[in-house]
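Undergrad: Here the working numbering = 1-based position in the sequence shown + 72.
These aren't lab readings, by the way, just hints derived from the structure by calculation. Just so it is clear, the structure is predicted and the values come from calculations on it, not from any experiment. Even glycine gets a Cβ: it sits at the ideal position worked out from N, Cα and C. Take these hints with a grain of salt, some might be off.
Stated by the list, open to error - Pairs of lysine to aspartate or glutamate residues, derived as EDC-like cross-links and limited to a Cα-Cα distance of at most 16 Å, are as follows:
no. : residue 1 : residue 2
1   : K523      : D227
2   : K446      : E384
3   : K480      : E522
4   : K447      : D223
5   : K523      : D481
Claimed, not checked - Just the calculated beta-carbon pair ranges, DEER-fashion:
no. : residue 1 : residue 2 : range
6   : A435      : G467      : 37 to 47 Å
7   : P499      : R209      : 20 to 30 Å
8   : G407      : P212      : 49 to 59 Å
9   : N411      : D210      : 50 to 60 Å
10  : E199      : S365      : 23 to 33 Å
11  : P438      : M349      : 16 to 26 Å
12  : G408      : R432      : 40 to 50 Å
13  : G407      : E205      : 44 to 54 Å
14  : D210      : N251      : 24 to 34 Å
15  : C469      : W385      : 14 to 24 Å
16  : K480      : E206      : 40 to 50 Å
17  : A435      : E206      : 23 to 33 Å
18  : R432      : A379      : 18 to 28 Å
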Amino acid sequence: MAPQIGGVSSFSEHYFPAETADDLPGVQRLSLLIRFQAKTSHGAAARAAACRTSTVAEVPLLSVVCPMGGGATRLYNTLTQTFSGSSSPLSLPPSYLSPHQPALTNLDSDFCLQQKNSPVCPLDPVELLQQCEEALRDRPPHLQRNFVYIDHGDDVASVPIRVMQWNILAQALGVGVDNFVRCPLEALSWSRRRSLILEEILAYRPHILCLQEVDHYYDTFQPVLANLGYSSHFCPKPWSPCLDVEGNSGPDGCALFFDESRFELLDSVNIRLSAMMIPTNQVAVVTTLRCRSSGRCVCVAATHLKARSGWEWFRSAQGSDLLWHLQNLVQELGGGNSNVKVPLLICGDFNAVPSEEVYRRFATSPLGLDSAYKKLSQDGVSEPEYTTWKIRGTGECCCTLDYIWYTKDTLRVDAVLDMLDEKQIGPNRLPSYSYPSDHLSLVCDFSFREKE
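Model the full structure from these sequences, guided by the hints.
TA: Structure below.
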């Protein structure tokens, strides 16, 4: 039975393209089904089982090593040393996420059997960070960012919760669709960007990590971060534009990771967002966690709303749908008592500037939300000047699209990572040799407020 939230089933019911295609026009539907048929050598029953299955226990165990590209450093060897036979919380990727050939085709069978029965050794984050730096030794200096600490007077903070929000730029979109005319192709190579992304995550080591445009979940982020102690949930887009790019690694989507030493999983659900009751291509991951040290619960959502100018009403409708789901969830967690305040974090690339209606809907929601990055401004009410700065063939874009929303009655902001300045970003903007995405990461330290 698929988990439910607010009467809406999880994304797994929309995962199989044969169902998803019903929402598309005829030509797009045919194209999607043809792509799906071409991306796997397995039979229809196996494809359906793989696409509908969310845990390793529900499918035959295989020892999987996903192809990682041509890197020869220790970092890339590390990235491939994760197998489903271990106790790590890994799930097998759906078969169609291997676009070229089954992952085991060129692997020695004795080697696979040996690795299947071998435990996965936890990774040392310091050592992995050093490996990233070694792989990037020819790049320009690392871009330095500092935390701005918020003075709360004599109030004593609880155990801090570090949250990172980041649209990491899907690899297939970066090289095949987005047309970053000032970014050298070499800077967009996955071998380089992979190391830069991992370096950024390791530099701040968040307890909760929300990512968008993740198209290398199964072969990179899930196995690596699982070995660093993170559990995770992934929600792919129903018809991701990544699938239109030759040599893609599967659909992109939202991923939510949490540090298992800090949090215990209570529930997680994937939501396909709707606009005016119509299912859309945008999604959200909503996870409920219990803090191991305090016993307090926190609900975390990672989302990515519709892009492009002219779609403001659409984003507003998607945001309203997400708020509706979250209000239902909070009410359920509070046992139906509206006086029970449930801490809530909403991280995402909203593709909306602060003047848009969807921003106003979140800012005035009955959930009592505030935007954490307003703490960087002198007046405390203004968003940063930008969270993305890029140059495409259509021109330069410098604006704020990314946010970390939090319930101000239950959580407080203790520190905020400052933004890169124009000089650090450079004349060619983002992405670049120094920074792997066209969006800057947002990092905040939160703590629980005392219960009233």
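Undergrad: Going back to the hint list, which numbers does this structure go against?
TA: The structure conflicts with hints 2, 6, 12, 17, although it agrees with all the remaining ones.
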